[in-house]
Amino acid sequence: MTERTLIREALDVFTARRRARQLAVAVGFAPAPSLEIAIVVSELGTNILKYGVRGEIVVSRTTPPVPMGVEVVAEDEGPPIADIELAVRDGYGDRGPIDADQWLGRGGIGAGLGAVIRLSDSFEYHPGPGKKFFRAIRYLHTRRVVRV
Amino acid sequence: MSDDSDLELRDSIADALLVLANVGFGDLDGRVEIKGNGDAPLAALFAGINEMIESLRVERERNRAYQTEIEDKLATIEQQRAAIRELSTPVIEIWDGILCLPVVGIVDSVRSAQMTDVLLQAIAERRAQFAIVDITGIEVMDTKTVDHFVRLAKSVRLIGADCVLTGISPNIANTMVAMGVSLGDVTTHRSLREALKFFVLRKKPR
Ligand SMILES: Nc1ncnc2c1ncn2[C@@H]1O[C@H](COP(=O)(O)OP(=O)(O)OP(=O)(O)O)[C@@H](O)[C@H]1O
Ligand SMILES: [Mg+2]
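If you're matching them up, the sequences are chains D and P in order.
Its first residue numbered -18, the first sequence is counted upward by one per residue in our numbering.
Its first residue numbered 13, the second sequence is counted upward by one per residue in our numbering.
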């Protein structure tokens, strides 16, 4: 089961996360974790809208030997992220901290990738060559201990 | 008229009646068979019947196409409605000087930031004294987003209005406790109704 959604406008992010949520329920996730998976899709999807070029979200059921769960891949053709270590920190963009007076009107609090990490059990970033992509997996049975 | 051609005639008419009966049952695929040469009087009648059945069939196809189109459109509209509800952040003045930001759907970091922008701007524009951020129905949020809502309430106070959070679900309350999100002096109320009562009682006339 694989669902691809091209991300061109806000409505597409909505569509992608609805599909992800439906898939999560179909895989057997309870309502709350299904919503968390939808949030992961939402964060990665809005990042494509804000910073990416020609991106898409692919959600699928994991296949063995990967434990049962939902996998979210967000890829786009824009240039790789300058500093991923910085970018995943809460309150940071990829070039440094976002001041509190900056996030007003900035359209973000710099916690998107942080949320993706917190709400997933596995998180990877691949800068390319080729398309860059993020892969986040949420397992059905083994929740990783969340580090805050 | 010979007996033979009389028999043939009855046969053809029976045929035609059968086809018409089927039309009555909704079968528009049958056609009356036209025997002999095409200029017999019956041949013209039968050809007319066939044309009529054909145009009925075409019409029915078209209706079916409309039907599916309408259903598709309705489904799209329903989806767009849901999307608008989830993607927009309306601020409603529920009482003179009291603004309410009802939060529905899925809240991610971008949306929580939008809410801050929209609410602070609305408070300034309408010179509101009170703001209620109602998150009833929101079961799941990332910890940073929860934290952001608390900060939102604090920012509202910084610009001189009062802000309460209402409808915090047990799940979100747990998140707050687990992550040590400090409510500070941000007030919370169980429901929108309670918050409204609280404000209306404290409201200074303008
Ligand atoms: N698809 C992408 N292409 C290019 N840069 C990206 C992409 N996704 C994220 N980034 C970079 O990583 C940074 C951190 O992203 P993150 O989602 O954590 O925060 P944000 O988008 O700035 O704010 P928020 O998600 O809270 O609205 C972004 O500021 C951006 O510079
Ligand atoms: Mg983001």
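FYI, nobody ran anything at the bench for these hints, they're computed from the structure.
Treat each hint with caution, since some may be false.
[Stated by the list, open to error] Subject to a maximum C-alpha distance of 20 Å in a straight line, what follows is the list of computed EDC-like cross-link-like pairs (lysine to aspartate or glutamate): (1) P:K215 <-> P:E151; (2) P:K85 <-> D:D(-7); (3) P:K47 <-> P:D23; (4) P:K85 <-> P:E73; (5) D:K31 <-> P:E98; (6) D:K31 <-> P:D23; (7) P:K215 <-> P:E105; (8) P:K209 <-> P:E151; (9) P:K85 <-> P:D129.
[What the hints assert, rightly or not] Chain D stretches covered by chain P per the calculated footprint, using a threshold of three residues with CB under 8 Å from any CB of chain P: (10) 45 to 56; (11) 95 to 108.
In this text, a Cβ means the ideal position worked out from N, Cα and C, and glycines have one as well.
Each hint tested on the structure:
1. P:K215 <-> P:E151: Status violated; Cα separation ~31 Å.
2. P:K85 <-> D:D(-7): 17 Å, holds
3. P:K47 <-> P:D23: 11 Å, holds
4. P:K85 <-> P:E73: 18 Å, holds
5. D:K31 <-> P:E98: OK: K31 of chain D and E98 of chain P at ~18 Å, within 20 Å.
6. D:K31 <-> P:D23: 76 Å, violated
7. P:K215 <-> P:E105: Roughly 14 Å separates the two Cα atoms, so the pair holds.
8. P:K209 <-> P:E151: 25 Å, violated
9. P:K85 <-> P:D129: 34 Å, violated
10. 45 to 56: violated (count 0)
11. 95 to 108: holds (count 4)
Comparing the model with each numbered hint stated earlier shows that hints 1, 6, 8, 9 and 10 do not hold.
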